[in-house]
Every structure is written in structure tokens, then in C-alpha cells.
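A.B. asks: Top to bottom, those sequences are chains A and B. Every letter in the first sequence is one number past the one before it in our numbering, and letter 8, counting from 1, is 8. Every letter in the second sequence is one number past the one before it in our numbering, and letter 133, counting from 1, is 133.
Simulated from the structure, these hints should not be mistaken for lab results. Check before you lean on any hint, since a few could be wrong.
[Stated by the list, open to error] Here are the simulated SDA-like cross-link-like pairs (lysine to any residue), alpha carbons at most 25 Å apart as the crow flies:
id, chain 1, residue 1, chain 2, residue 2
1, A, K150, B, I97
2, A, K150, A, R90
3, A, K6, B, L87
4, A, K6, A, G238
5, B, K2, A, F99
6, A, K150, B, A123
7, A, K6, B, F86
8, A, K6, B, K2
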Amino acid sequence: MTEARKTFLLGALGILAFLALWEVAGQGRWLGLSWPPLSAVLALLVDENRQPLFARALGATLSSLGTGYLIGGAGGIAAAALAHLATPLRPGLERTNAFIHAIPSVALAPLLILVVGREGTPATLAALNTFFILYVSTASGLAATPPALKDLVQVLGGGRWTRLRRLDLPMALPTIVSGMRLAAPSALIGVIIGEWFGAPRGVGVLVINAMQNFQIPLLWAAVLLAVLVSLSLFGLFGALHRGVVARLR
Amino acid sequence: MKAMTRFFRSSWGILAILLFWQLWVGLSGVNSIVLPSPMGMLRSLAADPALYLSSTAQTVALAALGLVLGVALGTGLAVLTWFSRFLAGLLTPLGIIFASVPVVALIPVLARIFGYDMRTVLAIVVIICFFPAFVFTGAGLRALPPGSADLFRVLGASTWRRLVLLALPAAVPDWAVALRLAAANSILAAMVAEFLMGTSGLGYLFASARSDFDMEKALGASAIATVISVLSFLLASRFEGWAGRNWR
Numbered sequence: 001m002t003e004a005r006k007t008f009l010l011g012a013l014g015i016l017a018f019l020a021l022w023e024v025a026g027q028g029r030w031l032g033l034s035w036p037p038l039s040a041v042l043a044l045l046v047d048e049n050r051q052p053l054f055a056r057a058l059g060a061t062l063s064s065l066g067t068g069y070l071i072g073g074a075g076g077i078a079a080a081a082l083a084h085l086a087t088p089l090r091p092g093l094e095r096t097n098a099f100i101h102a103i104p105s106v107a108l109a110p111l112l113i114l115v116v117g118r119e120g121t122p123a124t125l126a127a128l129n130t131f132f133i134l135y136v137s138t139a140s141g142l143a144a145t146p147p148a149l150k151d152l153v154q155v156l157g158g159g160r161w162t163r164l165r166r167l168d169l170p171m172a173l174p175t176i177v178s179g180m181r182l183a184a185p186s187a188l189i190g191v192i193i194g195e196w197f198g199a200p201r202g203v204g205v206l207v208i209n210a211m212q213n214f215q216i217p218l219l220w221a222a223v224l225l226a227v228l229v230s231l232s233l234f235g236l237f238g239a240l241h242r243g244v245v246a247r248l249r
Numbered sequence: 001m002k003a004m005t006r007f008f009r010s011s012w013g014i015l016a017i018l019l020f021w022q023l024w025v026g027l028s029g030v031n032s033i034v035l036p037s038p039m040g041m042l043r044s045l046a047a048d049p050a051l052y053l054s055s056t057a058q059t060v061a062l063a064a065l066g067l068v069l070g071v072a073l074g075t076g077l078a079v080l081t082w083f084s085r086f087l088a089g090l091l092t093p094l095g096i097i098f099a100s101v102p103v104v105a106l107i108p109v110l111a112r113i114f115g116y117d118m119r120t121v122l123a124i125v126v127i128i129c130f131f132p133a134f135v136f137t138g139a140g141l142r143a144l145p146p147g148s149a150d151l152f153r154v155l156g157a158s159t160w161r162r163l164v165l166l167a168l169p170a171a172v173p174d175w176a177v178a179l180r181l182a183a184a185n186s187i188l189a190a191m192v193a194e195f196l197m198g199t200s201g202l203g204y205l206f207a208s209a210r211s212d213f214d215m216e217k218a219l220g221a222s223a224i225a226t227v228i229s230v231l232s233f234l235l236a237s238r239f240e241g242w243a244g245r246n247w248r
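Isolated chain A (complex conformation):
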């Protein structure tokens, strides 16, 4: 058996063991009624009567996530490129970013509701989270170009703009894509917290309502739905990252 297959099998075994433990702990009520067995949660998730509920929530969450992710991601990359071209702006942009990112989203959400409304808050929080991660990863990717190549562009008569377009950006692409992967779960957290503050629908609304009404299996199903969305996005961007690295290195 090859080493890679062995690692894969062991990993699968670990995940299966975790799922089995979840099921047994739920069946045996080790942690009381708050811990339902996996089968009950899955049954609820695929229950036909609940499909419209989950589909509506998922649709709202994904559309906020997509909007926020695109705006925040494009903004983050653009801001990092700007800081790269206009060096005097860099320390200020970095400090402002770290500061805004450190404001707790629970504190930001009530302000955002005033400024962008209940419907726009989840997307805005997602955009802020994505912006920060993509700014940091783009900036560190752009800064990592080997000096010898920079000198080469200069000797051949290329200006800052040419260097950014022909050298720095392509060199930074693997780091940027890896930032895109990290930003996906973080953007989802933004959407969910935004939805907790009174968005009309979404997975976060489902979570908070189920929590307050003690609908334990529904709470777990909604959280599992959020986790599945996050993991599939993470996997998707992981595949993209491998593709980019294979193409460029």
C-alpha cells in the first residue's frame, strides 16, 4: 500500500470514528437531549417537508455570501495593489485594516443595520472579513517577489505599473488564492453574525430561532448546513489553489 493511500485511509477512518461517536453519544443520551444522534440531524436535513425552509435559508445566505465575498475580495486585492504602488500610504492602510478587523462583529452589526439596513448587513460583514484577509495575503504575496527579477524588469525599462502587471501579480497569485480559501469560512461567519441581527431569512436566522425555541435537532441541522457550505467552499478553493500552484511553479 502506498504512503498516500495509507494517509488517506487513516484520515477517513478518523472522520468515520468521529461520526460514529456522535451517533452513539446521541443514541445513548450521554449529554442529554442537547446532543441528538447524527442520524436524527441528517434525517431532518433531508426531510421533504423541511426542504423549502432550508432552501430559502441557504439561498439567502449564499447570495449575501457571494455579494460580500466578491466586493470584499476585489476591494482587498485592489487596496493591496494600491499600497504596493504608493508606498507612503502603506503603514496607514495596514493599521486601519487591522483596527477595523479588530472591531467585534457583534458591535459592528447594530451600526451597519443603521447604515446599510437589515438586508445588507450580512453581506457587508462578509465583505469586511474578506477584505482584511485578501488585503493581508495579497500584500505579503506582492512583497515576496525575488529582488533579482525586480532588477531585471527595471533594467529592461519596465515601470512600476508594468512590474505589477507582468511580475508581482503573477508571482503573488498562489498566495492570493490561498487567501481566497481562508476568506471563505471567515466570510460565512460574517454572514451568520449579520443574520443574527434580524435579517429576514438565512441559515443564521434559522440557528438563532432554533436556539431560542429549543428546537434542538433543527439547531444542529442548521449548524451542520453552515459547516457543509464552509467545507465545500474550502475544498473548492483548495482545488483551485493546487491548480494555480501547479500551473505557475
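For this one, chain A is given, so just place chain B on it according to the hints.
C.D. replies: Just chain B now, with coordinates in the frame of chain A:
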């Protein structure tokens, strides 16, 4: 004068935001229930420092304790998996999955399991700090300088000596990255947990002030959390830079 220039160079963005905010509130004349000004927030902080201080102390203590416990557990388990290939193969993918899960979404579930009190806040911070520590330390213990593992084997070093003299020092830079991620998240996680469960601390102060429409107090609480979070992020980044320079 030089210090002033440096301060301005790195902080113009924050100053501009605060100035714009203050001017906007002043000129549009909105009620302080809707949107308080930065000055109003400062006044509220100065009016009742004892209240803010006790809430802050509690949240910071919970977050710090959770950070220490979570990072210690994660590091300990990572070292255990270093000894056993079987354990490493079994646990690493699970750890990576959990590290990429939106943990904040799990807070309602954890609150149901552990009950609505301070121990739950602590448990949440521990869990949130555990996963990065486990994943990054595990990766660092295996990313050894090329050839060094062979050298240790040739010299006949025992497994224990290989761990203490080679793998652990090699893992310090990665461990510092995990610490930075966990430190910034621990305060925010504690605050979100307190906010959702309504127990005590900064998150609760924020929630109760908000439901009393005392927005100046609510924003005061979140301003404190922001400052602490920025400070712990800066401190951990500095440690990360130091570890990267001295241990690689």
C-alpha cells in the same frame, strides 16, 4: 515632532474615520440613541470606569485562561501525534476540518450542551484556540530543516532527544502563527459568547446597554474590546516576528 509624524503616517486612516464619524453625527443631528458620536462614547467611558473595568477584567480573564488552556491542549495533542504515525493520520484531517469550520456558528450548540454560564464561555474560547494550535504545531513538528532528521538518526539520538532538540524548536515559528490567530480570536469569541448567552462581561454589557437604548455605553464596551483585540494582535505579531527570526 518625529514621533508625531510617525504616528500620523500609520494612523491617518483611523483618525479620518473617527473625524468623519464625529462630523457626520454633528452635522446630520441624529439622536444619540440612533448613532452616538465618538466624543459621547468617551464621555460614557469616563463617567463610569468601575463598571467597564469589572466587565473588561472578567472577559479578559476568561479569554486569557481559555487561550492558555486551548493552546496547551492543542500543542500537547500535536506532540502526542508526533510520537505515533497512526494517531497523526487519524486526527490530522479531523483537525483541519474543524479548523476551517465557522466556529462562531457552533456557539449556540455548545451553549445548549454546557448550559448558559461562564464555564461555557471558557469552553468556547478553549475550543476556538485549540484547533489552530493543533494544526499549526502538528505541521511545524514535521517541517524539519532538510537533512537534520538524518543527522540525528546517524548520531543515534533517541526519540525523546529528537523531539526536544529538533522537532520542538523547529515548530516554534508555526506555533507562534497559531498563537497570533488564537489570541486575536479569543477576545472576540468570549465577547460573542457572552453576548449570545447574556451571562456577564463585556459582551453582556454590550447586549444589555443595547436593549436599554444606551448606545454610548454599548459602543464604549465594543471600543474596549477593539482596543484589547488590537493590542493582543500586535503583541502576538511581534512575538511571531521574533520567533521567525530566532528559531528558523
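A.B. asks: So, for every hint listed, does it hold in this structure?
C.D. replies: Tested hints:
| no. | hint | result |
| --- | --- | --- |
| 1 | A:K150 to B:I97 | 39 Å, violated |
| 2 | A:K150 to A:R90 | 19 Å, holds |
| 3 | A:K6 to B:L87 | 13 Å, holds |
| 4 | A:K6 to A:G238 | 21 Å, holds |
| 5 | B:K2 to A:F99 | 23 Å, holds |
| 6 | A:K150 to B:A123 | 49 Å, violated |
| 7 | A:K6 to B:F86 | 10 Å, holds |
| 8 | A:K6 to B:K2 | 60 Å, violated |
The earlier numbered hints that this structure contradicts are 1, 6, 8.
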